[in-house]
Amino acid sequence: MLKELETRFRDISGGVDFCSLRYLRERDELLTVRQDVPQPVQDSDDGGFMITVLHEGGMGYGAGSDLSAAGLKWAFDQALFWAGQTAGRCVTDFSKLSPPCPSDEYAGPEENPWVSTPLEEKFDLLRSLSAQLKSCGKIVDWEASLWHTSTQTLYLTSEGGRCRQTFSYMAPLLRATANAGSQTQTRTLHAGRGACMQGGMEILEKIGYSDAPRRIADEAVRLLSAPDCPAGTMDLVLAPDQMILQIHESIGHPLELDRILGDERNYAGTSFVTLDMFGSYQYGSELLNVTFDPTRPEQFASYAYDDEGLKAEKTYVIEKGLLKRPLGASVSQARANIAGVANGRACGWNRPPIDRMANLNVEPGESTFDEMIAAVENGVYMEANRSWSIDDSRNKFQFGCEYGRLIRDGQLGELVKNANYRGISATFWRSLRMVGNLSTFRLLGTPNCGKGEPNQVIRVGHAAPACLFTNVDVFGGA
Amino acid sequence: MQESFFELTDGLFENLQGDEVLLVNFSGEVSDFIRFNRTLVRQAGTVHQRHLNIELIEGGKHLSGTITLTGRQEMDVPIARAALARLRERLPNVPEDPYLLYATEPRNTEHFGTNNLRNRDEVLGEILRAGEGRDMVGIYAGGGIYRGLANSLGQRNWFQTYTFHLDWCFYHEKDKAVKTSYAGFEWDHGQFAGKVDSAVGQLEMLAMPARTIKPGEYRVYLSPDAVNEFVSMICWSGFGLKSHRTKTTSLLKMISDEAKLHPLMTIRENTREGIAPNFEPSGFIRPEEVTLVENGKLHDCLVSPRSAKEYGVETNGAAAHEGPLSLDVSGGDMPKEDALKRLGTGVLIGRLWYLNYSDRPACRITGMTRFATFWVQDGEIRAPMNVMRFDETAYRVLGENLLDLTRQRDFIPSSSTYGGRATSSSRMPGALVDNFTFTL
Chain V
0 MLKELETRFR
10 DISGGVDFCS
20 LRYLRERDEL
30 LTVRQDVPQP
40 VQDSDDGGFM
50 ITVLHEGGMG
60 YGAGSDLSAA
70 GLKWAFDQAL
80 FWAGQTAGRC
90 VTDFSKLSPP
100 CPSDEYAGPE
110 ENPWVSTPLE
120 EKFDLLRSLS
130 AQLKSCGKIV
140 DWEASLWHTS
150 TQTLYLTSEG
160 GRCRQTFSYM
170 APLLRATANA
180 GSQTQTRTLH
190 AGRGACMQGG
200 MEILEKIGYS
210 DAPRRIADEA
220 VRLLSAPDCP
230 AGTMDLVLAP
240 DQMILQIHES
250 IGHPLELDRI
260 LGDERNYAGT
270 SFVTLDMFGS
280 YQYGSELLNV
290 TFDPTRPEQF
300 ASYAYDDEGL
310 KAEKTYVIEK
320 GLLKRPLGAS
330 VSQARANIAG
340 VANGRACGWN
350 RPPIDRMANL
360 NVEPGESTFD
370 EMIAAVENGV
380 YMEANRSWSI
390 DDSRNKFQFG
400 CEYGRLIRDG
410 QLGELVKNAN
420 YRGISATFWR
430 SLRMVGNLST
440 FRLLGTPNCG
450 KGEPNQVIRV
460 GHAAPACLFT
470 NVDVFGGA
Chain U
0 MQESFFELTD
10 GLFENLQGDE
20 VLLVNFSGEV
30 SDFIRFNRTL
40 VRQAGTVHQR
50 HLNIELIEGG
60 KHLSGTITLT
70 GRQEMDVPIA
80 RAALARLRER
90 LPNVPEDPYL
100 LYATEPRNTE
110 HFGTNNLRNR
120 DEVLGEILRA
130 GEGRDMVGIY
140 AGGGIYRGLA
150 NSLGQRNWFQ
160 TYTFHLDWCF
170 YHEKDKAVKT
180 SYAGFEWDHG
190 QFAGKVDSAV
200 GQLEMLAMPA
210 RTIKPGEYRV
220 YLSPDAVNEF
230 VSMICWSGFG
240 LKSHRTKTTS
250 LLKMISDEAK
260 LHPLMTIREN
270 TREGIAPNFE
280 PSGFIRPEEV
290 TLVENGKLHD
300 CLVSPRSAKE
310 YGVETNGAAA
320 HEGPLSLDVS
330 GGDMPKEDAL
340 KRLGTGVLIG
350 RLWYLNYSDR
360 PACRITGMTR
370 FATFWVQDGE
380 IRAPMNVMRF
390 DETAYRVLGE
400 NLLDLTRQRD
410 FIPSSSTYGG
420 RATSSSRMPG
430 ALVDNFTFTL
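Chains as they are written, first to last, in numbering that gives the first Met the number 0: chain V, 0 to 477; chain U, 0 to 439.
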């Protein structure tokens, strides 16, 4: 089928400056057992393509799911129409771009394929975990869920480029909600579906999926009677499943080059980062090292080439606290005349690529977890994001966590609920005092990063160690 | 598109075996998207998408699958038949579902909008001309939206509409901008020009030196768009039956502690005056109206068919997420033109942004001001404001500190395009609120 698609594309893609076809087929299956009851299986098989035309300085796209010659011709005509309409009216002169021409194949990891495990066996596992989540009468809602996606992409260009990639994504979930009167507390395994990775069923063992339910349920119940997180300026130790949100919102989004160029100002927002800051701005303390790293195959957003055919490589975007490079793909790089990374990504065949995070990681440091706790006289340790909000320039943020523990005189102390903190991105990362070593480092991510017009929700990966920040504004619930 | 959908489903129904029941939902759109930045085009294109969800039911077991259609009947018929065959093959391996509920008494409905959309090249030209000499950023989305339902019990529902939505900002500089939207069924040059003129007027006010206020409590006027953001946040888990029964609703205090909102607050799911289809995927027809809060007190929940079966109540055709699609907040007594005078000295909040719960059981919400937000003194706008973070409970903002709502309300169609163009909407008044807490 892909061979026929390629032949049809080669037949229609001439006569313009540049033309590409991006085909995507994505098969999803969502299995959930809630309150010990298997929920309806949600199954989808979505396939389609987008043709992009660059011609005489303009650009346009047409997307559809009719893979016949006539279907491709329709999409090509739409793309050509828009290229004609936008010539001389675009944010950049597309005739000056030199789109990549990849020739490669890539397959992500999947040791124990999803399809090799029978449906009944998967439901048996989820039933068993669900039963463990209901640890006592105070647990009022609970669920265990597996979301698997297999993806096949083909990228073709009119200049002979051809790149085929396949991926297997897994996003597990465990959730327990406890209630007593007007108090409700929820615990999850790594903040919702944060334990998402690429691979097959082998991932479940790597993340300790089957071992987690009792602990999660127990913590949800204990949070009900815990005091509120205290308010004040104090030290803060963040676990990797909160670090991922902190990285995502206050490093990832502000460094997206399309935001810096203004594309997102009507929706996702702008950035406090400006082009002149790259190479000179001290984003964080010297302990802060941040990489765009698509080279860990098991991480959630790894790939060999982005959706515009650019080869993906590990790149430092912040090194020793110094801002080095934006997260901008081919088009943004050309517009801004600055080097970026291979992050032109689309959430589906029906949306055009834009600058996205892929895997954006804080590199591990040298401190053990115990050393970080021992360094705190008065502070809070927080795990698992549950609330996130940040201004449209990605500066003033407020985040909340499922789980907190006081730190007093270098010792982890009592449990606290409704653990929140707020700060300003431009100064927060400079308060980074200790960075956890590899023993604290975790590969996590989220399937749900929203951005773009038309709107797109996409998978991103974040890996991080635990980290210690000083002088943070911490507070509790209402 | 309607004819081919029903022809396709009739073919599937002929292939059913024994006691099998089939529910088929169609979702399609043909959309033009033009994305702008700095009054130039960033991306422009057309998307044609058609998805079919087939749900096979036999006794207490059911299984569904979503597939992509091509739009060519000779290709789609075998695709849909193959999907049905796969479901039939897997169905024996699926556990019984105690909460399966679908409509068994056929109720047919049709809604046909007419296509009065303006040519896309003319629209592109007019938008760019309106932005000449200004920094305009935003998106135009327009075209047909189609929804269909057919089941093997004889029910047929169809909905098609042709809409456009231009959602854009004029920027002064940095984060100072006026956000405006123009949406409808037929592009009217005069209406669009009026929107542009109004935005330009506000843009001039953004040129004044910006003011930063200290964290603390302020008297504020929330525009209808800002009220929409705040109330929409509460809709995330607030009104669904499942969230009430599992104690995860953000309105938990209204259940457990008998907390109330202000008597002015009446909130409805107003399907009659919305623009969303009146049928849901299991075949239930939504009532014209569901009252969620009446005079400050909790009234009804939104009940999906699944929750109805689980908790033993009647469904009111709510979507699976049990959130409103046609949200309606009643107006108050304040004429809109008196809003600044009644505000006196305080903050005019044009938009709120990025809201989230900071303490869900307490319905405490944090978020940011965004776009045109102004410092007002003695009823007059004195300065644009730099963005501020708020952290407030619904019981204060829409309860003890609510002073009044505007008599007039704005109709706000959703500009969301996640997955496809949304058909949800809101009808909102502005709100005068005392002691609104800014924290950062």
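Careful: at least some of the hints might be erroneous.
To be verified - Capping the alpha-carbon separation at 25 Å, the derived lysine to aspartate or glutamate pairs in DMTMM-like fashion look like this:
| no. | chain 1 | residue 1 | chain 2 | residue 2 |
| --- | --- | --- | --- | --- |
| 1 | U | K252 | V | E218 |
| 2 | V | K121 | U | E57 |
| 3 | V | K133 | U | E121 |
| 4 | V | K137 | V | D227 |
| 5 | V | K133 | V | E413 |
| 6 | V | K121 | V | E248 |
| 7 | U | K173 | V | D227 |
| 8 | U | K252 | U | E88 |
| 9 | U | K246 | V | E218 |
| 10 | U | K60 | V | E218 |
| 11 | V | K310 | V | D227 |
| 12 | U | K246 | U | E293 |
| 13 | U | K246 | U | D299 |
| 14 | U | K60 | V | D27 |
| 15 | U | K252 | U | E287 |
| 16 | V | K2 | U | E88 |
| 17 | V | K72 | U | D174 |
| 18 | V | K121 | U | E73 |
| 19 | V | K121 | V | E104 |
| 20 | U | K246 | V | E104 |
| 21 | V | K2 | V | E120 |
| 22 | V | K137 | U | D377 |
| 23 | V | K121 | U | D96 |
| 24 | V | K205 | V | D217 |
Think of the hints as simulated: they come from the structure by calculation, not from any bench. Because the structure is a prediction, the values reported are computed rather than measured.
Do the hints match the structure? See the list:
no. : hint               : in the structure
1   : U:K252 with V:E218 : holds (23 Å)
2   : V:K121 with U:E57  : holds (22 Å)
3   : V:K133 with U:E121 : violated (60 Å)
4   : V:K137 with V:D227 : holds (19 Å)
5   : V:K133 with V:E413 : holds (24 Å)
6   : V:K121 with V:E248 : violated (34 Å)
7   : U:K173 with V:D227 : violated (38 Å)
8   : U:K252 with U:E88  : violated (47 Å)
9   : U:K246 with V:E218 : holds (17 Å)
10  : U:K60 with V:E218  : violated (35 Å)
11  : V:K310 with V:D227 : violated (48 Å)
12  : U:K246 with U:E293 : holds (21 Å)
13  : U:K246 with U:D299 : holds (16 Å)
14  : U:K60 with V:D27   : holds (20 Å)
15  : U:K252 with U:E287 : violated (28 Å)
16  : V:K2 with U:E88    : violated (29 Å)
17  : V:K72 with U:D174  : violated (42 Å)
18  : V:K121 with U:E73  : violated (36 Å)
19  : V:K121 with V:E104 : violated (31 Å)
20  : U:K246 with V:E104 : violated (49 Å)
21  : V:K2 with V:E120   : violated (36 Å)
22  : V:K137 with U:D377 : violated (53 Å)
23  : V:K121 with U:D96  : holds (16 Å)
24  : V:K205 with V:D217 : holds (22 Å)
Checked against the numbered hints given earlier, the structure breaks hints 3, 6, 7, 8, 10, 11, 15, 16, 17, 18, 19, 20, 21 and 22 and satisfies all the rest.
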